[in-house]
Amino acid sequence: MEARTDLAVESLDFAGDLAPEGVAREVFRKNGVEVTRVRVTSAEGAKRLGKPQGEYLTIDTDDFKAATGNFAIQVDTIAELIAPLIPQEAERPVLVAGLGNLQITPDALGPRAVRYTLATRHISRELAEEIGLSGLRPVAVIATGVLGQTGIETAELVASVAEELKPSCVIVIDALAARSVDRLATTVQISNTGISPGSGVQNRRKELSRETLGVPVVSVGVPMVVDMATVACDMLGAEAGPVSEKGRTMMVTPREIDLAVEHAAKTVAFAINRALQPHLSLEDLTGLVG
22 MEARTDLAVE SLDFAGDLAP EGVAREVFRK NGVEVTRVRV TSAEGAKRLG KPQGEYLTID
82 TDDFKAATGN FAIQVDTIAE LIAPLIPQEA ERPVLVAGLG NLQITPDALG PRAVRYTLAT
142 RHISRELAEE IGLSGLRPVA VIATGVLGQT GIETAELVAS VAEELKPSCV IVIDALAARS
202 VDRLATTVQI SNTGISPGSG VQNRRKELSR ETLGVPVVSV GVPMVVDMAT VACDMLGAEA
262 GPVSEKGRTM MVTPREIDLA VEHAAKTVAF AINRALQPHL SLEDLTGLVG
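Under our numbering, the first residue of the sequence shown carries the number 22, and numbering increases by one thereafter.
What the hints contain is simulated information worked out from the structure, not anything from laboratory work. A portion of the hints provided could be inaccurate.
Computed list of lysine-lysine pairs in DSSO-like fashion (alpha-carbon distance at most 27 Å, straight line) [claimed, not checked]:
| id | residue 1 | residue 2 |
| --- | --- | --- |
| 1 | 287 | 51 |
| 2 | 227 | 187 |
| 3 | 86 | 227 |
| 4 | 227 | 68 |
| 5 | 51 | 86 |
Just the calculated beta-carbon pair ranges, DEER-fashion [claimed, not checked]:
| id | residue 1 | residue 2 | range |
| --- | --- | --- | --- |
| 6 | 88 | 111 | 31 to 39 Å |
| 7 | 311 | 41 | 24 to 32 Å |
| 8 | 104 | 142 | 16 to 24 Å |
| 9 | 169 | 273 | 15 to 23 Å |
| 10 | 231 | 111 | 26 to 34 Å |
| 11 | 273 | 88 | 35 to 43 Å |
Keep in mind that this is a model prediction, so the values were computed, not measured. Backbone N, C-alpha and C define an ideal beta-carbon position, used for all residues, glycine too.
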């Protein structure tokens, strides 16, 4: 059965001993948190793995379905991994886009995360200095909605805003699909390859990448759904039998999805804030965005 997943580390795991040339894995710890780096360095490797060439960082976090005492550590770890992927052009803005549908909880990670993302582009340097926030990097934030709500493709909307703002890069936040239920709400993936919204749930839209937007694109996502057919086969093995067409389109999400999305959104948003405004402490950011 095909491994339907947005996670590069799962695609590599599924390949097993047949991992293609041009794909490398490295596991290390940062601030006590386990991180897996997958690098895809060749066209053949990208084709075999089903992922574009680039770097994928997978962070194993505490379960987002419950509050954690490691919030600050996880935020700083994710921020430290995002920061090197962002161009150091402090005068140009960074555009942060939250993808997804706020009305569908498993798809609401992006819209919820931008609620906690610090927008600063509208704050002049003089005003920032006056209120004790000198050195702010200009950041613009949007929640894109989805095609069925807006009549506008997400890529079209982000491209239009990027054309107007001329950002140094775009950071996109989106919910992902995993193959393993153990990955649900426990993993963060960061990539410098952009993203194809909806690909993990068989609703692939136009990709957001350097090729389509003309600037570097960093994607940050958390898996919130897994394919039901995969769950059935994992649980029952051969006894699962053939999967109906309706069953092939169904997805499974955690029972505590509301808490999972909220905790994940805060973690991702504060990590992006820390990466973009490293001179502000977590306490400063909490006071500014809640």
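Indices of hints not satisfied (ascending): Violated hints (numbers, rising): 3, 7, 10 and 11; every other hint is consistent with the structure.
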